[in-house]
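Visitor: Take a look at the letters that make up each chain.
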Amino acid sequence: MATVELRFSALPEHVRTARLVAAAVARRAGVDESVLDEVRLAVGEACSRAVGLHQRGGIGGTVRVALTDQEKRFLIEVEDEAGPAAVPAAGAAEGVDPDEDTLGLAVITGLVEDLEVTNGADGGLIRMSWPVSVESVAV
Amino acid sequence: MDLSLSTRSVGDRTVVEVGGEIDVYTAPKLREQLVELVNDGKYHLVVDMEGVDFLDSTGLGVLVGGLKRVRAHEGSLRLVCNQERILKIFRITGLTKVFPIHTSVDDAVSATD
Chain A
1 MATVELRFSA LPEHVRTARL VAAAVARRAG VDESVLDEVR LAVGEACSRA VGLHQRGGIG
61 GTVRVALTDQ EKRFLIEVED EAGPAAVPAA GAAEGVDPDE DTLGLAVITG LVEDLEVTNG
121 ADGGLIRMSW PVSVESVAV
Chain B
140 MDLSLSTRSV GDRTVVEVGG EIDVYTAPKL REQLVELVND GKYHLVVDME GVDFLDSTGL
200 GVLVGGLKRV RAHEGSLRLV CNQERILKIF RITGLTKVFP IHTSVDDAVS ATD
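Chain order of the listed sequences is A and B.
Per the working numbering, the first sequence starts with residue 1, numbered consecutively.
Per the working numbering, the second sequence starts with residue 140, numbered consecutively.
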């Protein structure tokens, strides 16, 4: 079970909340301060992409963000309900006309070493994880 | 935090001072501002990002859109940014090659192509 799970209506105004919650939980889990900015940005990108997929498809529904404090890794999963869609090639932002989805994935790919982007019948799932420092102390 | 925008003219350049967070929710306001300026005939823009706390790919997309608009009128769009965490996003996406990025508004305003 996720340490903290967040579900929000697929609307742009909630993405900031997801960013702030993810960064707060990551900090508490012992993710290094120096990468918290990356965590915040990567979660924001994943949620923005999910919201965008819903909006472009004219689909309501929710975005699920699961934040899991594993033993040595901090895992974040962002899942949408926008239905099956082709997963665009990541890291292709050099083109002359980068759309937001491509740029978003390029940012995530550039930031996160441990990343998995998959797509199921119900929607897409982005899984990413960061190391947790072992000497972190639960407060 | 929300997005703050203010504009001023310096010679033939228009400086857009941006503050706060540029994300999927606030980026449309920046897009409207840039579109409005171009519609008003302001084709040489300097976007001052020193007050920006957060920028994501939606914001990048808006800046790229702004650049396309001014270039259609043989204009320019220069950025002012010294913040490493913001510059990193431009580097990751290869956009440092697309935008002239300056360390100060004075530098950007006096720059010529």
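Derived from the structure by calculation, the hints contain no laboratory data.
Quick reminder that beta carbons are idealized off the backbone N, C-alpha and C, glycines included.
Among these hints, one or two may not hold up.
As the list claims (entries may be wrong) - Here are some, though not all, of the chain A residues that point toward chain B, as calculated from beta-carbon distances under 10 Å: (1) S9; (2) V21; (3) A24; (4) E45; (5) G61.
As the list claims (entries may be wrong) - Only some residues are given here: those of chain A computed to face chain B with a beta carbon under 7 Å: (6) V15; (7) S48; (8) G58; (9) E71; (10) G83; (11) P84; (12) L103; (13) G104; (14) V107; (15) G110; (16) E113.
Visitor: With reference to the structure, classify each hint as holding or not holding.
Guide: Evaluation of the provided hints:
{"no.": "1", "hint": "S9", "verdict": "violated (13 Å)"}
{"no.": "2", "hint": "V21", "verdict": "violated (15 Å)"}
{"no.": "3", "hint": "A24", "verdict": "violated (15 Å)"}
{"no.": "4", "hint": "E45", "verdict": "holds (6 Å)"}
{"no.": "5", "hint": "G61", "verdict": "violated (16 Å)"}
{"no.": "6", "hint": "V15", "verdict": "holds (5 Å)"}
{"no.": "7", "hint": "S48", "verdict": "holds (4 Å)"}
{"no.": "8", "hint": "G58", "verdict": "violated (17 Å)"}
{"no.": "9", "hint": "E71", "verdict": "violated (29 Å)"}
{"no.": "10", "hint": "G83", "verdict": "violated (20 Å)"}
{"no.": "11", "hint": "P84", "verdict": "violated (22 Å)"}
{"no.": "12", "hint": "L103", "verdict": "holds (4 Å)"}
{"no.": "13", "hint": "G104", "verdict": "holds (4 Å)"}
{"no.": "14", "hint": "V107", "verdict": "holds (5 Å)"}
{"no.": "15", "hint": "G110", "verdict": "holds (3 Å)"}
{"no.": "16", "hint": "E113", "verdict": "violated (13 Å)"}
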